[in-house]
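Sequence lines, in order, name chains A and B.
By UniProt numbering, the letter at position 154 of the first sequence is numbered 154, and the numbering carries on one by one without gaps.
By UniProt numbering, the letter at position 82 of the second sequence is numbered 82, and the numbering carries on one by one without gaps.
One or more hints might be untrue.
Not the full set, but computed from the structure, chain A residues with beta-carbon under 8 Å of chain B [stated by the list, open to error]: (1) 30; (2) 40; (3) 62; (4) 144; (5) 257; (6) 260; (7) 297.
Note that these hints are calculated values from the structure, not bench results.
Just so you know, even glycine gets a beta-carbon here, dropped at the ideal spot from N, CA and C.
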Amino acid sequence: MRGANRTRTWAGRPARPVRHTRRPRLTRTEARNARAAAGFVLPFLALFLLCFIAPIVYAVHQSLHRTERTGPLGLGGREREVFAGLANYAHALADDRFLTGFGRVLLFGAVQIPLMIALATVLALLLESASARGVTFFRSAFFLPYGVPGVIASILWGFLYVPGISPLVEIAGSLGVHVDFLARDTVLWSIANIVLWQFTGYNMLVLISQLKAVPDELYEAARIDGANAWHVARHIKIPLIRPALVLTTVFSIIGTLQLFAEPMVLRPLAATIDSGFTPNLHAYSEAFVSNNQHVAAAEAVLLALVACVLSFGFLRLVGRRDEGSGR
Amino acid sequence: MTRTTVHEAPVPVRAPRAAPHPSGTATRPPLRYRIITATLLTLAAIYFLTPVYWLIVSATKNSADLFGTFGFWFAHPRPLEYLRDVLTYDHGVYVRWFANSLLYAGVGALAATLLSAAAGYGLAKFPFPGRGAVFNLVLAGVLIPVTALALPLYFLFSSMGLANTYWAVLLPSVVSPFGVYLCRIYAAAAVPDSLLEAARIDGAGEARIFAGLGLRLMTPALVTVFLFQFVHIWNNYFLPLVMLSDSDLYPIQLGLTSWTGYADRQPELYQYTVGGAFLSVLPLMVLMTVLQRYWRTGLTEGSVKA
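Just need the whole structure built from these sequences, with the hints factored in.
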């Protein structure tokens, strides 16, 4: 990179050097740019290929193979990989618990995400319209849980759910209400509460950052026109933060599909959380409990596929994203 | 900072007001709204702070009090003694986990920030063939769920002999497609081409121009990327869980869950888990509270720009 720029005399974006009509090779400027860019971009790109692209390729490869053991009774002996076609996928998709886990996570998302986004929106709008005093405190208080790792949050709420320790259960009990946060039907929503607690503040901050981009005169004008706070929120603010709403929603969907830490941590407390509670948990136990890497790979690929379909749905929804040009 | 305003206002903007109102009172909503607002905000604050409050109270209790006394109030608080117990249990393994977490998150986030800065700068400032393709690849990386990657990454790393080493957690942590995305957007807006040209004419090499000018002009974006990546690595559970089997390499989250796994047999571990959770949450909470105003929330930064 260094030697490339000794003889530089003219600007990087000159009034385009006269170009041959066919342009068989790069112009000098373009070649210099390419060399310099390579020096900056390649270190990242190399690691990106190692940690993002290679695992995907490897997972797809593994998901299409299986291990064949040649020893007696399949014990000992040599192991070798043979092509298995889509057998691992068929195996995964025929597994009731894997599918149930997927369904559970989708149900979870269908309830938890709208709730969280709505709460984040309300809090963002309230903070934006509140008088200055206290806003900093409230914003910090709402955002604070985002700094608590999922595992710690789950441990924390776990203590608040378990009868015998939980002051919440105790208070409810003294009011004559029997609550069981870890029962078969409620534990999913107890997990939803943990996720809600953690991420509402983060989403709220995303929304606030977009609200701040709305010029104040717009609100002034609306108010002078006689719009009340509700009208301003409904007809001006919410339409203007739509891109941020789409964004937070899609990231929540992707996050929901990956649900893992919370059920994993609550498992010892709640007997109804089994190893197939979420797709991720299922893939994990296929890999490390059943020792079935190939099926686990197939499940990881399926998980990524579903997430990708939703991601690209998001890209289409948001639509405009600037191309590679430097603005 | 680099935000431009959102296009197409649906409401006509009026001419400036004739008489300037005393600041603040002009658009102040009526009292009724303010009371409702304050009430709702307070209720939300109670919801978000209750578990934190519980943690603070519980970190001052021993096992007996943890189970035997009301969770929302203190009982025989001896916080220093109990926290010392956490730090010294099992030859100070907690301190080791804490140091591991600092290493993973600190070194990982620093390296991620530098790599992202360089890549974002390169993508923004040097037109080269294939630039659009590289950028789209990065964008796809932002949208790939990392947890879906963790298992395949483990299979790959274990076939390369990298599993169960510091590298297994560090290497994936230094790759931040989001960081590259943000740095590219930011470099395009905040690093003027004319300045780079001037430096080139003065004979500075590209690496020096980047280190001296580019990094300095991109500082606000770099703070965001560092914070984002630090929190991301610090909070990451699945990757270390999958990668590490040696408890000496554990980050703090993994260590604490290993304690809860034994707590059935050793009840004092409940107390240590609570104390350990309290200690581990403290630094990040301080960091978040202090730095949240610098916290640029990423992709929207891009989407706000028309």
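Hint check against the structure, violated hint numbers in rising order: none
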